[in-house]
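J.: Construct the complete structure from the given sequences, taking the supplied hints into account.
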Amino acid sequence: MTIAARISQREARTAATHMPAQSMEARELPGSHILCEALVREGVELMYGYPGGAIMPFYDALTSYPMLRHVLVRHEQAAAHAADGYARATGKVGVCVATSGPGATNLVTGLATAFMDSTPIVAITGQVARPFIGRDAFQETDVIGVTQPITKHNFLVRNIEDLADTVHEAFRLAKGGRPGPVLIDIPKDVQLGKGMYRPRASVSSLEYFRATHVAEPSPEAIARAAHLIASARYPLIMSGHGVILSDAYDELRAFAEKACIPVISTLLGLSAVPVDHPLFLGMPGMHGPAHVNRAIGMADLIIGVGLRFDDRVTGKVSEFAPHARIIHIDIDASEMHKVKPAAVPIVADAKAALSALVEAVEPGDHSAWIAEIRGWEAQEQERLARASREQAYPDPRGILDAIYAATNGDAIIVTDVGQHQMWTARFYPWKRPNSHITSGGLGTMGFALPAAMGVKMGVPDATVWVVAGDGGIQMNIQELATLKQLGLAVKVAIMNNGYLGMVRQWQQFFHNHNYSETPITGPDYPKLAEAYGLYGMRITRREDVATAVRTAMETEGTVIIDFVIEPESNVYPMVAPGSAITSMIEEPVEENAHHD
Amino acid sequence: MTEQAVPIQPPRRAGQSTVPQDDAREHILVLFVNDRPGSVDRVVGVLRRRRANMQTLTIGRSELADVARVTVVVDDSEVGVEQLVEQLRKVVDVRHIVNLSTAQAVARELALIKVSSAPGSSSEIIELGHQFGAHPVDVTAETVTLEVTGSEEKVTKIVELLQPYGIREIARTGCVAMTRGAANADDSNNQS
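First to last, the protein sequences are chains Z and B. If you're matching positions, the first sequence starts at 1 in my numbering and goes up one per residue. If you're matching positions, the second sequence starts at 597 in my numbering and goes up one per residue.
No wet-lab data here; the hints were simulated from the structure. One or more hints might be untrue.
Each pair of labels, with its calculated beta carbon distance range [said to hold, decoys possible]:
hint : chain 1 : residue 1 : chain 2 : residue 2 : range
1    : Z       : Thr551    : B       : Asp637    : 51 to 57 Å
2    : B       : Gly716    : Z       : Arg130    : 38 to 44 Å
3    : B       : Asp671    : Z       : Ala462    : 51 to 57 Å
4    : Z       : Pro131    : B       : Glu756    : 50 to 56 Å
Glycine included, C-beta positions come from ideal geometry on N, C-alpha and C.
T.: Below, the structure written as structure tokens:
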């Protein structure tokens, strides 16, 4: 029997097995089974991982729990990113599994990515048996010490009796408040040993959150906020990841529409408000369009919802929104005043705070202010229309437009990190809520492909496109094998400029064109796709872009398109790091090129 | 409430890129931490990562069997400390944090000071110690070891006065502190 046949047989078995009602009776079980029982009780349906010595008892138990579907990745980093992608797309907790030592350390980048972007994942790692801990045993790493700064919390399970409760607490912590990664390190002898499993004695996170209300805003803070909103002349709503995490799309729109306040969105907040909404302006910050950054410069009130005033958004902090009071809504109290002092800090869930604000504010009219910003936007568009561009290559914006057209805007777009990420954030006409998945805070190259795997499995009905650069796609490219093995359809668009483009752009602007170690080659992608049993194309002409995207949509399974773009195109505008966001490097326009 | 009640730039905040670090002073933070392996490590990790300017750190048991009491003295501005406290609060093993100002608190540290004694000078050293409430805990032909308890200033002062005799070794515990009055430090009205 071929491997594929064996796998499909197992999948079929999995599908045929109805989830049996879990026994709630106290009984003696091996630690590995207690772990599986607790995961089932947490509603886990999917996990990504890689077996190895110290986690083998868990993998042995796994075949007795067909409702726990496990995906074998090709590198543990991909397991963490896939769990992250799954969590971002579904709002559920993503789960990844690795063995001790190198398995666990390979998770580190994925955990740090999830930590920076507040996504709920639970990582389970095997650990050497308790008597060997601290003795430099084979594949022993102090993963508790290593992951302490990049997890919300981590646990070393010292007793079988603590195992079930630890799992439930880990899920509670991952999801509760500001979400984030939690790691459970389980020594091999704890997995192997037998202990009493008492399900009635512990509370799963599902039961816990059913009984617990979200963090409500204080009425005083809402009243103060409403008062500031009523008197503001140039207000802006700045929408962040928290809006997506708390599923506050309707509340955000209702608030913006009632108070008639234009909305700008951080990178991770994109797609919460559709781009064609009359109040939506765009993304602020280092690569934000000029009219958005100008609006911040003039604003007298900024209502920041579920964000942390990252330095890529603020630029030079003292010159960010110099005339504005800040109303800061975030579920994490430690974000208040961290970067920008808030006139009204509101520590609450974004959904709860926004629905309270909808009630508290009076209908407003800021159409003159909005018209002024739209005027700046039109001027900018007009200027950019005069820019002379290389016409031969497929252009990044055209690729994004083709993807939008071929998917009716319903696709989920997973980007990697670099120029393509900024182009996608800027130019893709976001329509579907939560359709933009990217590594924002950590900026992790190699995120997109494995994350897309988690996205596609979490939302199987959605079309999932990866947009990546030719640098980042070569980190974690091995996951093409996983995608093939799973028969998953992820469409991959590589914007290939033969450079580590964003670094090259910085070298051009700030290092006197010294392109140190940024030219990069890659494989022949169609051949690479073929080697993995997939289909690939190389597109070098602008007129072939739309056809290629349509072909990718019509072809079964994962497809790679290698778009050869202009080698030295830049992301404009750009704010130099540490500068005021109102001081932008703009796209050069030839003075003698007139188009009247 | 009038509009003027909400200033554009509310509290000045050291450690922020917009505000200089000039309004720093000492704060005594008392943390009640679950007495589990690694819990203090997590607290110290946050202090390091958030660049706290830590003066002393003292760990010991509390009145509760499963709770350790951690006393940290940091040098920072009012608002910088608030920020640090919020970060420390996120450590799962931290139950409560109290920011004790020196006015509210009894703050003490203990020091053992081993001083060289020439023949005849040991009684002089012991006499000097008495003026500070210090008492000798070990006397040899060459040395006198004094134990002194008091405020940080008091310990620093006796160390200064003992310098001429030749100090061989100093062991200081760092600050521990408790609220004045009947209330406990972790009573809710005292929590910062």
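J.: None of the hints should be skipped; say for each whether it holds.
T.: Evaluated hints:
no.	hint	result
1	Z/Thr551 - B/Asp637: 51 to 57 Å	holds (55 Å)
2	B/Gly716 - Z/Arg130: 38 to 44 Å	violated (59 Å)
3	B/Asp671 - Z/Ala462: 51 to 57 Å	holds (53 Å)
4	Z/Pro131 - B/Glu756: 50 to 56 Å	holds (51 Å)
Hint violations for this structure: number 2 only, all remaining hints satisfied.
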